[in-house]
Amino acid sequence: MPADFDTIVTLAKKRGFVFPSSEIYGGLRSAYDYGPLGVAMLRNIKDQWWRSMVTMRDDIVGLDSAVIQSPRVWEASGHVASFTDPLVECTNCHARHRLDKLDDPDRCPTCGKSGTFTEPKQFNLMFRTHMGPVEGAGNLVYLRPETAQGIFINFENVRRTSRMKLPFGIAQIGKAFRNEITPGQFVFRTREFEQMEMEYFCRPEEADDWYRTWQEERYRWYLDLGMRVDNLRLRAHEADELSHYSSGTADIEYRFPWGWDELEGIANRTDFDLRAHAAATGKDLMYFDQETGERFYPYVIEPAAGATRTTFAFLIDAYHEEEVDGETRTVLRLDPRLSPIKVAVLPLSKKDELIAVVDRIAAELRPRWDVEVDITQAIGRRYRRQDEVGTPFCVTVDFDSLEDGQVTVRHRDTMAQDRIPIDEVVGYLSPRLAAPSSLSLPTGSSPSPSGGVASK
Numbered sequence: 003m004p005a006d007f008d009t010i011v012t013l014a015k016k017r018g019f020v021f022p023s024s025e026i027y028g029g030l031r032s033a034y035d036y037g038p039l040g041v042a043m044l045r046n047i048k049d050q051w052w053r054s055m056v057t058m059r060d061d062i063v064g065l066d067s068a069v070i071q072s073p074r075v076w077e078a079s080g081h082v083a084s085f086t087d088p089l090v091e092c093t094n095c096h097a098r099h100r101l102d103k104l105d106d107p108d109r110c111p112t113c114g115k116s117g118t119f120t121e122p123k124q125f126n127l128m129f130r131t132h133m134g135p136v137e138g139a140g141n142l143v144y145l146r147p148e149t150a151q152g153i154f155i156n157f158e159n160v161r162r163t164s165r166m167k168l169p170f171g172i173a174q175i176g177k178a179f180r181n182e183i184t185p186g187q188f189v190f191r192t193r194e195f196e197q198m199e200m201e202y203f204c205r206p207e208e209a210d211d212w213y214r215t216w217q218e219e220r221y222r223w224y225l226d227l228g229m230r231v232d233n234l235r236l237r238a239h240e241a242d243e244l245s246h247y248s249s250g251t252a253d254i255e256y257r258f259p260w261g262w263d264e265l266e267g268i269a270n271r272t273d274f275d276l277r278a279h280a281a282a283t284g285k286d287l288m289y290f291d292q293e294t295g296e297r298f299y300p301y302v303i304e305p306a307a308g309a310t311r312t313t314f315a316f317l318i319d320a321y322h323e324e325e326v327d328g329e330t331r332t333v334l335r336l337d338p339r340l341s342p343i344k345v346a347v348l349p350l351s352k353k354d355e356l357i358a359v360v361d362r363i364a365a366e367l368r369p370r371w372d373v374e375v376d377i378t379q380a381i382g383r384r385y386r387r388q389d390e391v392g393t394p395f396c397v398t399v400d401f402d403s404l405e406d407g408q409v410t411v412r413h414r415d416t417m418a419q420d421r422i423p424i425d426e427v428v429g430y431l432s433p434r435l436a437a438p439s440s441l442s443l444p445t446g447s448s449p450s451p452s453g454g455v456a457s458k
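Residue numbers for the sequence shown follow this note's numbering, so the first one is 3 and each next one is one higher.
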């Protein structure tokens with residue numbers, strides 16, 4: 003059965019995926035710490051994104067820009083003037099809400115009263131701080147609300163040093179900060195989060211083709227990592243939804259327990275950003291095509307995903323409950339590339355001679371994969387625990403192993419067990435933990451703007 007919201011939140015804390023931040027001090031709303039399993043899964047997702055966007059391509063390079071940048075960056079980009087949400091306050095209970103996210107724009111969801119909202123105010127979402135020992139307007143800086151601007155202001159640096167020619171991209175993974183009015187839904191909407199963004203620079207006349215291409219590429223990425231197609235859709239923005247810089251945006255949305263919501267946005271940012279920063283600084287950010295002699299501002303296609311909410315979505319999507327021998331088995335059917343633990347090595351008992359074999363096997367596996375040695379509780383309970391955290395394989399050492407030099411490998415999804423020689427464990431696991439061949443959309447098909455895959 004699919005997971006409900008409370009079930010996933012409980013599992014996340016129980017098994018060490020996500021903890022409330024500052025919990026021993028009563029917590030801090032909308033702040034979370036990623037535990038041992040959560041940080042491993044988050045890292046795996048970021049690694050898979052980087053592999054697909056940078057490592058496996060020759061037209062995209064990486065960048066890691068500063069969190070604190072010149073405040074003039076945010077003035078030029080339009081964030082100081084336009085990065086706002088409509089804020090209303092209930093005059094009865096004084097709760098504050100984001101107006102465009104209310105189911106009923108006249109009724110307070112906190113106290114239930116109607117007609118008690120103030121007139122909406124535009125609330126800027128950027129966190130402000132001061133640089134240096136003296137606070138004042140001249141020392142005002144912002145924590146970046148997105149990673150994209152760090153890419154745009156480094157466009158010429160990267161182009162020159164990497165000798166890139168159009169079309170090419172610059173990718174970045176990093177923290178961003180937004181002072182959300184109404185954060186919520188666990189780690190889905192928080193004030194501190196991680197983004198995985200890429201800016202793909204191209205000729206203006208090629209932008210529409212690249213816009214469609216990147217929608218398809220990014221949609222496939224989620225499917226390739228095991229996300230169920232019926233929980234994924236592409237939705238094009240209506241004209242009144244578009245950001246001030248966008249001529250077109252499509253969201254990859256996931257069917258969360260509360261309904262469809264955004265995982266990733268793919269936007270055609272046109273040449274807005276490079277033009278804005280060139281105008282603000284007087285620097286030449288135009289691209290010179292040596293073959294044609296043309297000078298122009300490239301257009302930019304931006305796939306931008308949230309690493310933290312993507313981790314949350316994969317956690318939800320992988321959750322299954324099933325009846326096994328009259329008991330409920332909880333299993334996370336994560337793609338092995340995303341699983342925080344790849345292999346668990348389990349001795350049948352705590353006897354020293356078995357532990358010695360377990361340690362030897364674990365030492366051989368650790369240079370290749372994330373490995374856990376689990377020696378507590380009955381073997382059945384240990385299997386269930388590993389199922390619940392998504393471990394694809396368990397290697398069990400029993401007393402027969404001391405005689406025949408073999409171990410039992412158990413598969414998470416099928417619970418099938420194979421008996422293999424100890425010296426063949428690495429060779430057995432390697433192809434089963436490797437990335438499968440990339441999924442392809444059916445010939446002549448593309449992701450549908452309304453969901454699923456639709457034929458052209």
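For the record, the hints were derived by calculation from the structure and aren't laboratory data. Treat each hint with caution, since some may be false.
Stated by the list, open to error - Restraint ranges, calculated between C-beta atoms of paired labels, are given here:
id, residue 1, residue 2, range
1, S84, P259, 47 to 53 Å
2, N156, V428, 27 to 33 Å
3, R362, S245, 35 to 41 Å
4, M288, G429, 50 to 56 Å
5, P111, R362, 54 to 60 Å
6, D361, K167, 18 to 24 Å
7, K167, E325, 54 to 60 Å
8, S84, T283, 16 to 22 Å
9, K167, V428, 40 to 46 Å
10, D263, G18, 22 to 28 Å
11, G18, P122, 23 to 29 Å
12, D49, G18, 15 to 21 Å
13, A380, P259, 28 to 34 Å
The beta carbon of each residue, even a glycine, is placed where N, CA and C say it ideally should be.
Status of the hints after comparison with the structure:
Restraint check, S84 to P259: a C-beta distance of roughly 32 Å breaks the suggested window 47 to 53 Å. In this structure, N156 and V428 break the distance hint of 27 to 33 Å, their C-beta atoms being roughly 42 Å apart. In this structure the supplied range 35 to 41 Å is violated for R362 paired with S245, their Cβ-Cβ distance being about 56 Å. As the Cβ distance of M288 to G429 is approximately 54 Å, the hint placing it in 50 to 56 Å holds.
For P111 paired with R362, a C-beta distance near 58 Å keeps the hint of 54 to 60 Å intact. At roughly 53 Å, the beta carbons of D361 and K167 sit outside the given window of 18 to 24 Å. The beta-carbon spacing between K167 and E325, approximately 58 Å, falls within the hinted interval of 54 to 60 Å. In this structure the hint that S84 and T283 lie 16 to 22 Å apart at CB holds, the actual value being about 19 Å.
Checked against the hint of 40 to 46 Å, the pair K167 and V428 passes, with Cβ atoms roughly 42 Å apart. One distance hint, 22 to 28 Å for the beta-carbon pair D263 and G18, holds here, with the actual separation near 25 Å. For the pair G18 and P122, the supplied restraint of 23 to 29 Å is violated, since their beta-carbon distance comes to about 41 Å. Between D49 and G18 the beta carbon distance is about 20 Å. The supplied range of 15 to 21 Å therefore holds.
Checked against the hint of 28 to 34 Å, the C-beta distance between A380 and P259 comes to roughly 33 Å, which is consistent with it.
Violated hints, in rising order: 1, 2, 3, 6, 11; the structure is consistent with all others.
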